[in-house]
Amino acid sequence: MGPFLIRRIGHMLGVLTAVLIIVSVLLRLIPGDPVDVIMAGNPGITEEDKQALRDQLGLNDPIVVQVGNYAGGLVRGDFGDSLRFRTPVRPLIMEKLPPTIELTIFAMLIAVMIAVPLGLITALQRDRPADYIGSVLAVLGISIPSFLLGILLILFFAVEWRIFPASGYGGSFSSALWHFVTSGDLGPLKKSFRYLILPGVTLGVAVSAYNARIIRSTMVEVLRQDYVRYAQAKGMPNRVVYIGHAFRNALIPVVTILGLQIGYLLSGAFVIENVFAWPGIGRFSVQALGWRDYPVVQGVVMITAVIFLSINLLVDLLYVAIDPRIRYR
Amino acid sequence: MTDATVASIDTSPVPALRLASPQAPWKDLLRKLRKSVKGMTGAALVSLAILAALTAPLLAPYSPTKQTVRAKFADPIFKDSESDYILGGDNLGRDILSRILYGSRASLSIGFLVTVAAATVGSIAGGFAGYRGGLVDTLVMRLVDLQLSIPFILLAMIVLAIMGPGFWSVFVALAVALWVNYARLVRGETLRIRDMEYVVAARTIGVDERRILIKHILPNVIHSILVLATLDMAFVIIFEASLTFLGLGIQPPTPTWGFMLSEGRNYLQESPWMSVFPGLAIILTVVGINLLGDWLRDTFDPSLRNR
Numbered sequence: 063m064g065p066f067l068i069r070r071i072g073h074m075l076g077v078l079t080a081v082l083i084i085v086s087v088l089l090r091l092i093p094g095d096p097v098d099v100i101m102a103g104n105p106g107i108t109e110e111d112k113q114a115l116r117d118q119l120g121l122n123d124p125i126v127v128q129v130g131n132y133a134g135g136l137v138r139g140d141f142g143d144s145l146r147f148r149t150p151v152r153p154l155i156m157e158k159l160p161p162t163i164e165l166t167i168f169a170m171l172i173a174v175m176i177a178v179p180l181g182l183i184t185a186l187q188r189d190r191p192a193d194y195i196g197s198v199l200a201v202l203g204i205s206i207p208s209f210l211l212g213i214l215l216i217l218f219f220a221v222e223w224r225i226f227p228a229s230g231y232g233g234s235f236s237s238a239l240w241h242f243v244t245s246g247d248l249g250p251l252k253k254s255f256r257y258l259i260l261p262g263v264t265l266g267v268a269v270s271a272y273n274a275r276i277i278r279s280t281m282v283e284v285l286r287q288d289y290v291r292y293a294q295a296k297g298m299p300n301r302v303v304y305i306g307h308a309f310r311n312a313l314i315p316v317v318t319i320l321g322l323q324i325g326y327l328l329s330g331a332f333v334i335e336n337v338f339a340w341p342g343i344g345r346f347s348v349q350a351l352g353w354r355d356y357p358v359v360q361g362v363v364m365i366t367a368v369i370f371l372s373i374n375l376l377v378d379l380l381y382v383a384i385d386p387r388i389r390y391r
Numbered sequence: 015m016t017d018a019t020v021a022s023i024d025t026s027p028v029p030a031l032r033l034a035s036p037q038a039p040w041k042d043l044l045r046k047l048r049k050s051v052k053g054m055t056g057a058a059l060v061s062l063a064i065l066a067a068l069t070a071p072l073l074a075p076y077s078p079t080k081q082t083v084r085a086k087f088a089d090p091i092f093k094d095s096e097s098d099y100i101l102g103g104d105n106l107g108r109d110i111l112s113r114i115l116y117g118s119r120a121s122l123s124i125g126f127l128v129t130v131a132a133a134t135v136g137s138i139a140g141g142f143a144g145y146r147g148g149l150v151d152t153l154v155m156r157l158v159d160l161q162l163s164i165p166f167i168l169l170a171m172i173v174l175a176i177m178g179p180g181f182w183s184v185f186v187a188l189a190v191a192l193w194v195n196y197a198r199l200v201r202g203e204t205l206r207i208r209d210m211e212y213v214v215a216a217r218t219i220g221v222d223e224r225r226i227l228i229k230h231i232l233p234n235v236i237h238s239i240l241v242l243a244t245l246d247m248a249f250v251i252i253f254e255a256s257l258t259f260l261g262l263g264i265q266p267p268t269p270t271w272g273f274m275l276s277e278g279r280n281y282l283q284e285s286p287w288m289s290v291f292p293g294l295a296i297i298l299t300v301v302g303i304n305l306l307g308d309w310l311r312d313t314f315d316p317s318l319r320n321r
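If you read the protein sequences in the order shown, they are chains A and B.
Following our numbering, the numbering of the first sequence begins with 63 at its first residue and continues without gaps.
Following our numbering, the numbering of the second sequence begins with 15 at its first residue and continues without gaps.
Please keep in mind that the hints were generated in silico from the structure rather than gathered at the bench.
Since the model is a prediction, treat every value here as computed from it, not as a measurement.
For glycine and all other residues, C-beta sits at the position ideal for the given N, C-alpha and C.
Hints may be right or wrong, so weigh each one.
Quick list of simulated restraints, FRET-style, between CB atoms [stated by the list, open to error]:
(1) A:Q349 / B:P71: 36 to 44 Å
(2) A:R286 / B:L153: 51 to 59 Å
(3) A:D123 / B:G178: 23 to 31 Å
(4) A:M156 / B:R156: 51 to 59 Å
(5) A:R148 / B:I100: 31 to 39 Å
(6) A:L380 / B:F314: 27 to 35 Å
(7) B:G178 / A:R138: 45 to 53 Å
(8) A:E157 / B:P266: 29 to 37 Å
(9) B:P71 / A:L88: 34 to 42 Å
(10) B:F314 / A:W240: 47 to 55 Å
(11) A:Q349 / B:I100: 35 to 43 Å
(12) B:Y212 / A:D123: 40 to 48 Å
(13) B:D209 / A:P315: 41 to 49 Å
(14) B:K49 / A:M156: 52 to 60 Å
Output of the computed footprint for chain A on chain B, the stretches with three or more beta carbons under 8 Å from beta carbons of chain A [said to hold, decoys possible]:
(15) 81 to 92
(16) 254 to 267
(17) 273 to 279
(18) 289 to 302
Please put together the full structure from these sequences, using the hints given.
In structure tokens, the structure reads:
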């Protein structure tokens, strides 16, 4: 385990370095001058002023020095300054991070809550009507773009039936939860949940459809195994065989792709946040792209990469817990 | 081998050989397709989309970009039987049906171009990596590892930041994201096949590398590539629509389903049709491609039927 962990963290640092170099080199090749972006709307500016600002921002340094400075800053937790807000990037991103994380976790829960029963039922009812209906639902779930599903949910649940708000943010779910635990006041939690539900479901559906298909196919395979037949033969109740024996093994491939799915959910969150006006890093970075605020874009890319890689490391460690056959050396 | 022996083989016609003529696999595939509900549904939906893209100028009742005051928020024909606009008009008075027909062009062309590019580049890289091994293999696979460590959206953001929004940015972002799948697939197969006797034999008699890759290894992976490419095309169409919806993809005035939805979103109350119809177009096309891809996978590799 020890050497594996060290190698794995080494790999992670390698990837991060590569991402850092690629992003910072490429972003400096972009046509257009950041100084023009900063100075936009200041007509009285002279060429000397611009030159002074370029010196101050280090834009006249060789690209290697610039990338080195940026990397040095990163190590100290400094992501540079936003061109638009003229404030450090890190607090800007950190402020937008919790809503995205809450949305992603909630979507993941939704995905599991839909995928597990759907996958189990279709596997156990194989080649019967329930299986066909489930399969059709799964193909639909995979084929519908998340932003479109979001619009349709808004159309029905917000515009037509007025059950949930069409968009916006109801405050942090975790702090509302904490508030409920400490004071017993359910209000903020309800509000936060009402805003969370539509974007969460939207984001969760595509992943759940995909997972349901995987759970179904693995279950079908596992149910054919000798140990399942043996357990049934010795008179074990089906419920125990299905859940305790078969399902546990059907879960392994799902956990295997869990790490990749976090990436997928993050990608989805970038789109969904814009549909529902969710104040997370996805919406923020699309705005930053529009403002040509590249330090922000770069910061989002770096922070997301760190989160994504850390989760993947965790998932790798999780395999061991689920599948005792796997041992890392 | 002398010419005489070759001639003696050629002169005795073997009927069984005719079955293996190059056309047979296609006929066989079509025959299987006709028997499958899944395959036929997929093929029908995909054909419909392709037909729309090819004949948009003939089928579309109006120009997709022309704005007419009378068409502004016009009801579709099933709500108002007097309406001149079958699927209604949008916020700027453009015919929704015409825009959907033309919009299929953007979706299908990006889906097709990206998959062809990713499959070609990925297969070549994977083939050489697997066949040559050594440094080439290490380089290609490290690149693949790196790419798989970064979520797609970050890649897209980098590309979009550099190239700005547009058709070719979407193309580059998606092609760069997808080539790795083909590289991994083809490399794996190449590693398996390259030391098989018939390949070793070919190498021994001096067949060059390119010919071995094309004549001996490609036929073994082409089915898997085809399945992957079909399913990828669905992914590409969804992501193009998503990026365009965000304003980062193909820019107006080119009619696209993604942009129609992004406009329609603002008028959900007044005119849900602006969103519903382009949405249906995307769903039907992607469902069709996914069904066709599933069917291809079932057909080419029955062991994967339950996946």
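Hint-by-hint comparison with the structure:
1. A:Q349 / B:P71: 36 to 44 Å: 37 Å, holds
2. A:R286 / B:L153: 51 to 59 Å: 42 Å, violated
3. A:D123 / B:G178: 23 to 31 Å: 25 Å, holds
4. A:M156 / B:R156: 51 to 59 Å: Check failed, 32 Å falls outside 51 to 59 Å.
5. A:R148 / B:I100: 31 to 39 Å: 52 Å, violated
6. A:L380 / B:F314: 27 to 35 Å: Since the Cβ atoms of L380 of chain A and F314 of chain B sit about 33 Å apart, the hinted range of 27 to 35 Å holds.
7. B:G178 / A:R138: 45 to 53 Å: For G178 of chain B and R138 of chain A the Cβ distance comes to about 32 Å; the hint is violated.
8. A:E157 / B:P266: 29 to 37 Å: The hinted range 29 to 37 Å holds for E157 of chain A and P266 of chain B, with Cβ atoms some 33 Å apart.
9. B:P71 / A:L88: 34 to 42 Å: 39 Å, holds
10. B:F314 / A:W240: 47 to 55 Å: Given a distance of about 53 Å, which is inside 47 to 55 Å, the answer is holds.
11. A:Q349 / B:I100: 35 to 43 Å: 37 Å, holds
12. B:Y212 / A:D123: 40 to 48 Å: 58 Å, violated
13. B:D209 / A:P315: 41 to 49 Å: 29 Å, violated
14. B:K49 / A:M156: 52 to 60 Å: 58 Å, holds
15. 81 to 92: violated (count 0)
16. 254 to 267: holds (count 6)
17. 273 to 279: As far as the segment 273 to 279 of chain B goes, the hint holds, because 3 residues have Cβ atoms under 8 Å from chain A.
18. 289 to 302: holds (count 7)
In this structure, the hints that do not hold are numbers 2, 4, 5, 7, 12, 13 and 15, in rising order.
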